[in-house]
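The listed protein sequences correspond, in order, to chains E and C.
Residue numbers for the first sequence, in the numbering used here: 1 to 329.
Residue numbers for the second sequence, in the numbering used here: 1 to 324.
Source of the hints: derived by calculation from the structure; they are not laboratory data.
Among the clues, some could well be false.
[Said to hold, decoys possible] Pairs of lysine-lysine residues, derived as BS3-like cross-links and limited to a Cα-Cα distance of at most 27 Å, are as follows:
id, chain 1, residue 1, chain 2, residue 2
1, E, K90, E, K264
2, E, K244, E, K86
3, E, K90, E, K244
4, C, K221, E, K204
5, C, K186, E, K198
6, E, K86, E, K264
7, E, K90, C, K221
8, E, K198, E, K264
9, E, K244, E, K264
10, C, K186, E, K86
Predicted model only: the values in this text are computed from it and were never measured.
For reference, the chains in residue letters:
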Amino acid sequence: MAALLEVRDLVVEFPTRRGTLRALDRVSFDIAPGEVLGVVGESGAGKSMTGAAIIGLLEPPGRVAGGSISLRGQRIDNLPPREMRKIRGKRIGAIFQDPLTTLNPLYTVGRQLTETMRTHLGIDAAEARRRAIGWLEMVGIPAASERIDAYPHQFSGGMRQRVVIALALCAEPEMVVADEPTTALDVSIQAQVIALLKRLTREKGTSVMLITHDMGVIAETADRVAVMYAGRVAEIGPVRSVVKAAAHPYSAGLMASIPPLTHKVDHLPQIDGAMPRLNAIPTGCAYNPRCPHVFDRCRVERPELIDAPETKAACWLFDSHAPRERSHV
Amino acid sequence: MFAFILSRIVQSVPVMLAVALIAFVLFSFVGDPIATMLGQEFTPEQRDALVAALGLDQSIPVQFIRFVGNALRGEFGLSYRLSRPVADLIVERAPATLELAFCASLVALAVGVPMGVYTGLYRRSWISRAFLTFSLIGVSLPTFLIGILLILVFSVWLSWLPSFGRGDTVQLGWWSTGLLTASGLKALVLPSITLGLFQLTLIMRLVRSEMLEVLRSDYVKFARARGLRDRSIHFGHALRNTLVPVITIVGLQLGSIIAFSIVTETVFQWPGMGLLFIQSVSSADIPVMAAYLLLIAAIFVTINLLVDLLYYAVDPRLRAGRGH
């Protein structure tokens, strides 16, 4: 099936006084219709930046400096702001991290829902209100027809995130960028919200780009997962394969540091060192200073995504044309 | 709601009493009213009669209570200078000051808010920079200098606008208004700008910084992510969220516009309360000064109450008791 969203060699740069910082460096991935792509990585790996670039809301002075983003074959990264606005909300929805701050405190939830639908769907006020009540019911707000006139502060955090989900989906977009949708929530609420998001997007056939650093959420929800490191995609593949048989040494290290539930361990494996700052990314593979399997080529030449046994990994270990032994002096 | 208003009114009673005490103390410390009223030569009998007539032979607390009681009925005695009831003088002068203050606030809001929004939205444009430079001038130039400069340019050089007075006024009951005649309106222009300029720049800078703050907020980002139109994001979501602090400042400033229109009224010989006050100060006309003091305090208290009520209208989070 043709991809819904195609991201090709996406480069995002921040011009600063001390030179240009490259926040995303040739990021490529696809999202198929109805698919849930999980994006994981440490803070600063570029997960949220990728999401912001897709919805066209990079914080200035950040800008797309190269590559392309296409929605159903149409380039959307270079659209004029007016056109991009019509895609946001209408074709690509967004869910943000903190439901306490993403809703306007001075507007009722009903008003926020109806203004979104009326902007994109061209329906009248009465119809918008009727649908808004329907959406609140769908996301599990009790007594929706009364609560529609309530203000955000009259809802709990979990309920607010349900409202945010309703807002992201109410114009029936083809995909949703969900940036850490459960991070700010109480642990007991997280599972409910994720289950709701999963159910609704499956019913509507909506694709999801699920950005999180919670591997549990990814394992439960995603079809495929992309692991990001230092502004690049380190590995991408089916969620089972990445969790159980990660090819890239970084993803393998990341998965190994998930505490097992079946037996007790004294120490969790950890990856030595830290992710490089954007102005100090080493040449070659960005992970090479921390990699246990590093060899000369890794320090010189940057690996593209290469077919690994079950996934694609940006790692020279899987380069069949130039086996490790030959380049190893 | 009613309970809230009531509690605020009760809270304002001590404030008003404290101001009344200060006004009352003026009588005892600034000059001797007996000497002022009797002039150079008088007999002890005349003196005693006047002291008794004014109630000055009674104890201080009794005098104070009488003063407050009279003030509540709007009686502040006779002006030493003009020998007319102070209340009449104030009623006569109040419309001029209130109309001036109203026009000055209108100028400040109608120009300051849009300028603030613009400079907040387009931080880097040269128009914003020009506005900010201009606002620096507005903040730093003293009011009297602005008034004199305006008179020089628009009255002396260009002869477009009158340099003093209210022009022709129309009497509506006890209220004399300059808003209904051409010369009255023309006379309002320069004093309103002079009085409002400082507030204008203050409001502009306040709206700008609040806008910058709000535009960075998550809910504005989310509104953009929902694909709402810029107009509804900027003037609905963003501007409305800047209103609470703006209302506070505007409210306080409106009080000070009325209270400190003294300078502007002096420069433009505006026949308002400020001019009355400054003339009373120079001739130690204590009853007028005391009444003015109390009136200004009452205006401040009233405006603060209105500001609090406006908060309720703007911010649903303050409307307690309606939540679930």
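query = If you check each hint against the structure, which ones fail?
reply = 1, 2, 3, 5, 6, 8 and 10
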